[in-house]
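Dock chain B against chain A, hints included.
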Amino acid sequence: MNTAIIKYNAGNIRSVLFALDRLGVQGTVTDDPEEIRSADKVIFPGVGEASTAMAYLRERGLDKLITSLEQPVLGICLGMQLLCKHSEENDTDCLGIFDVQVKRFQSPVENLLKIPQIGWNNVANLHSTIFEHVPENSYMYFVHSYYAALSPDTVAMANYVINYSAALQKDNFYAVQFHPEKSAEAGQHVLESFLKL
Amino acid sequence: MLTKRIIPCLDIKDGRTVKGVNFENIRDAGDPIELGALYAQQGADELVFLDITATNERRKTLSELVTRIARHVNIPFTVGGGISAVEDVYVLLQSGADKISVNTSAFKRPELVDELAREFGSQCIVLAIDTRFEGDDWYVYLNGGRVKTETKAYDWAKEAVNRGAGEILLTSMNNDGTKQGFALDITGRLSQNLNVPVIASGGAGTMEHFTDVFGQAQADAALAASIFHYKEIEIPTLKQYLYGKGVNIRF
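Chains as they are written, first to last, in this note's numbering: chain A, 1 to 197; chain B, 1 to 251.
Just so you know, the hints here were simulated from the structure itself, not pulled from any lab data.
Nothing here was measured: the structure is a model prediction, and the numbers come from that model.
Honestly, I wouldn't trust all of these hints.
[Said to hold, decoys possible] Here are a few chain B residues that sit away from chain A, every Cβ distance over 12 Å (derived from the structure): (1) Lys13; (2) Thr61; (3) Thr211; (4) Ile227; (5) Glu232; (6) Gly244.
[What the hints assert, rightly or not] Lysine-lysine pairs mimicking DSSO-like chemistry, simulated, CA-CA at most 27 Å apart: (7) B:Lys148 <-> B:Lys158; (8) A:Lys196 <-> A:Lys64; (9) A:Lys7 <-> B:Lys60; (10) A:Lys7 <-> A:Lys196; (11) A:Lys103 <-> B:Lys158; (12) A:Lys85 <-> A:Lys64.
Every residue, glycine too, gets a C-beta built ideally from N, C-alpha and C.
Chain A with its partners taken away, still in its complex shape (with noise of 0.2 Å):
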């Protein structure tokens, strides 16, 4: 099997890498166009900022191609926003893969949600092949300032004062807001299931 992990200009790919490997995949890091096309399954990371992101990925017509791909790939964290319509960091025109919107985290009284949110949280209601073997409310590990808002395409929920997206499935789409690289057991179970689609 061939993983193609799209490089582009944001952080976290080595520990994608990592993880992929601890499964006995190995992984491509590549921005080659027919790499990642021929690729069996497309990983899309990221930890960074949505506007610098998105330039990034336009001049090199990185847009274009991931959203023209058909077989499996899994945005995570930033690479989930990306995937969205758009984002309020920067307010910046995303992919548009999933009809949902991407805000900031909002403090309803001062210094009672501390932004970004970092550390484990559950996830509920999952309903994706990418979840078969994780148990409702498991925990995973998260890291952001801006969620997608829930979505008929939400297939996992999270909590952080308000309800949002934990995952969204369209099509051959996948994307989860959480770190499964980073999120212990849980977190392998899903990049487990993603990479046997």
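Using the frame of chain A, we list chain B on its own:
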């Protein structure tokens, strides 16, 4: 719901885990990767590795160590110790660290926090503060607790958060190594007045100390070293206990 985090801290010297008691008298506590993977398996929520090696070789040794940790550990980890430049951070994050912590170098040149936050995002910048209560307030200490400053811990923490620090790792030197409990007052003051997570460190001796720091002081995470290294408290037992006390934690 977001859980409180239990964070074992591994002090690293020349690639081995050590623990200073009151910042002195270092003892060997084993292989950092073996220990880190064991803690992850036992349910630790995160790990912190603090490099206290002082040789010229340290940079290369540290990035190699970070790569080995990232390969074996499936939970997030922070790396700190002697980081003073954007390039250092770039190398460590590229090697697989999730966050880095800065201490003395950031105090001496606060713009470093802005630069790091701009370059890598606040979420991976942890500001570590060593503090001691003296007379009327808690003051910042530098160089592993050897150099006193006239700056109050609260003021420095607030400034660093404004500059882009994403988390505060607060070590009370009065409490560190005593096993008499965390410094609840200063931890609480920071946690309740800053809009970033506060990791309490120094003084953990019993499981009740963790209940206190999460409850009374509202810390977001608690860090400890020797009680875990010497198996005085095991993480699964601690988590079970906290769960029983109504603390929101991860199993």
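These are the hints, each one checked on the structure:
In this structure B:Lys13 is separated from chain A by more than 12 Å, as the shortest Cβ-Cβ distance comes to about 25 Å. For B:Thr61, the requirement that its beta carbon stay farther than 12 Å from each beta carbon of chain A is met, with the minimum near 18 Å. At roughly 18 Å, the least C-beta separation between B:Thr211 and chain A is larger than 12 Å, which holds for a residue marked as non-interface. The beta carbon of B:Ile227 is kept farther than 12 Å from every beta carbon of chain A, the shortest such distance being approximately 21 Å.
Taking the minimum C-beta to C-beta distance to chain A, about 24 Å, the non-interface status of B:Glu232 holds against the 12 Å cut. Look at B:Gly244: its CB is around 18 Å from the nearest CB on chain A, clear of 12 Å, so calling it non-interface holds up. Under the criterion of a C-alpha separation no larger than 27 Å, the hint pairing B:Lys148 with B:Lys158 is consistent with the structure, at around 19 Å. Note on A:Lys196 and A:Lys64: the hinted pairing holds, with a Cα-Cα distance of about 26 Å set against a maximum of 27 Å.
Proximity of A:Lys7 to B:Lys60 is assessed by CA-CA distance (about 25 Å); at most 27 Å being required, the pair is judged to hold. With a C-alpha separation of about 22 Å, the suggested pairing of A:Lys7 with A:Lys196 holds against the 27 Å cut-off. For the given pair, A:Lys103 sits about 26 Å from B:Lys158 by alpha-carbon distance, which is consistent with the 27 Å threshold. Taking the CA atoms of A:Lys85 and A:Lys64, the gap is about 14 Å. The hint holds against a cut of 27 Å.
In this structure, every one of the numbered hints holds.
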